[in-house]
Each structure stands twice: as structure tokens, then as C-alpha cells.
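Participant: Sequence:
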Amino acid sequence: MTRKKVKLAYIEDLSSRKATFRKRKAGLMKKMYEISTLCGVDACAIIYSPFNNEPQVWPSNEGVQDVLSKFEELCEIDQSKQKLNQDSFLRQRIRKTDEQLKKQIRLNREKELSQIMYRLLSGEILHNLSIDDVNDLQTKMVRFRKDITMRIHSLEEAEGHPINGN
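First residue of the sequence shown? That's 1 in full-length UniProt numbering, and the numbers climb one at a time after it.
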């Protein structure tokens with residue numbers, strides 16, 4: 001059974017907000033326990049809330065102190081190696097999205113050129129092609145012909161005799 005997507009917005013009702021906080025905090029603490037146990041990593045959580053005067057920590061104050069002291073003993077380069085702040089996270093996401101966009105533009109262009117090529121090969125006359133379209137189409141057709149020639153040669157080698165045609 002799947003859950004419905006939760007709309008992330010501030011919960012106005014105080015009692016609902018407290019209940020949600022309590023449940024989410026318990027889930028977070030459980031996840032911290034699971035990741036430290038299953039993966040064998042040192043982990044800790046410190047949660048400040050408006051509902052408690054003292055911060056809540058996992059696993060214990062001593063455990064948190066151990067993890068934090070290990071972290072502070074690392075040199076600054078090692079400390080910041082895997083850290084992500086909002087700025088670097090957003091830059092990383094933008095870079096990844098830009099790469100995906102460029103890839104999709106390239107794939108769309110390839111599909112467009114394939115459609116034009118097949119229309120031309122079927123005898124259709126296209127008058128509205130730009131110089132770029134013609135140049136890209138020529139490159140694609142040369143590549144397409146090389147692929148066909150290579151496929152013919154591999155089939156000839158597999159069968160042991162030449163296939164007629166140019």
C-alpha cells in the first residue's frame with residue numbers, strides 16, 4: 001500500500017504540529033539507529049525543538065560527544081569533503097539538471113534528423129531545411145551508411161560469403 005504525497009507546509013494547529021513532530025522525531029531516531037547498526041558508521045542526531053527546553057540527542061550525550069570530537073579532530077579539508085550546504089547542493093542539482101537538459105536536446109535533435117532522413121529516403125521533398133539541418137543530416141547519413149556497411153561486413157563474415165549490393 002502506497003502513501004499519498006505529503007504537502008510540505010507549516011502546520012498551523014499546535015496539537016497537530018506537536019503530534020507530527022513527535023512522530024517524525026521518533027522516525028528520525030529510528031533511522032539513525034538503523035544506519036549506524038546496518039552500515040557500521042558513527043552517527044548522531046541533535047534535535048532542538050520549541051516543545052522542549054533541552055535538546056534531544058541520539059544515541060546519548062556521551063555518544064554524541066564522541067562523534068562530534070571525532071569530527072572536530074579531522075582536518076578542515078576532511079570535514080568539508082562530504083558537507084553540503086544549500087548553495088553547493090543547489091549548484092550540484094543545477095549542474096546535473098543542465099547535463100540532463102543538454103542530453104535531452106541532443107537526443108531530440110537525433111530523433112528529428114532521423115525523421116527528416118527517413119522522409120527524404122521515402123521520396124518526400126523538403127524545401128524548408130536550414131543549412132544546419134542539411135549539414136547535420138549529411139553527417140548523420142554518412143554515419144548511417146558506415147553503420148550499414150559495417151553490419152553487412154559482419155554478416156558476410158558470419159555467413160562466410162559476400163552479400164550482393166553496394
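Everything labelled a hint here was simulated from the structure, so no lab data went into it. Note that CB positions come from ideal geometry on N, CA and C, so glycine has one too. Among the clues, some could well be false.
As the list claims (entries may be wrong) - Taking lysine-lysine and the DSS-like style, the derived pairs with C-alpha atoms no more than 27 Å apart in a straight line are: (1) Lys18 <-> Lys4; (2) Lys4 <-> Lys25; (3) Lys102 <-> Lys70; (4) Lys111 <-> Lys83; (5) Lys31 <-> Lys4; (6) Lys83 <-> Lys96; (7) Lys7 <-> Lys31; (8) Lys140 <-> Lys103.
Claimed, not checked - Restraint-style ranges between C-beta atoms, simulated for each label pair: (9) Asn108 <-> Asn52: 50 to 60 Å; (10) Lys30 <-> Ser154: 53 to 63 Å; (11) Asp78 <-> Glu12: 34 to 44 Å; (12) Ser154 <-> Lys4: 37 to 47 Å; (13) Ile152 <-> Lys7: 51 to 61 Å; (14) Met141 <-> Ala9: 34 to 44 Å; (15) Arg143 <-> Lys4: 45 to 55 Å; (16) Glu62 <-> Leu28: 34 to 44 Å; (17) Ser69 <-> Arg95: 15 to 25 Å.
Participant: Hint compliance check: list the failing hint numbers for this structure, sorted ascending.
Facilitator: 3, 4, 12, 14, 16 and 17
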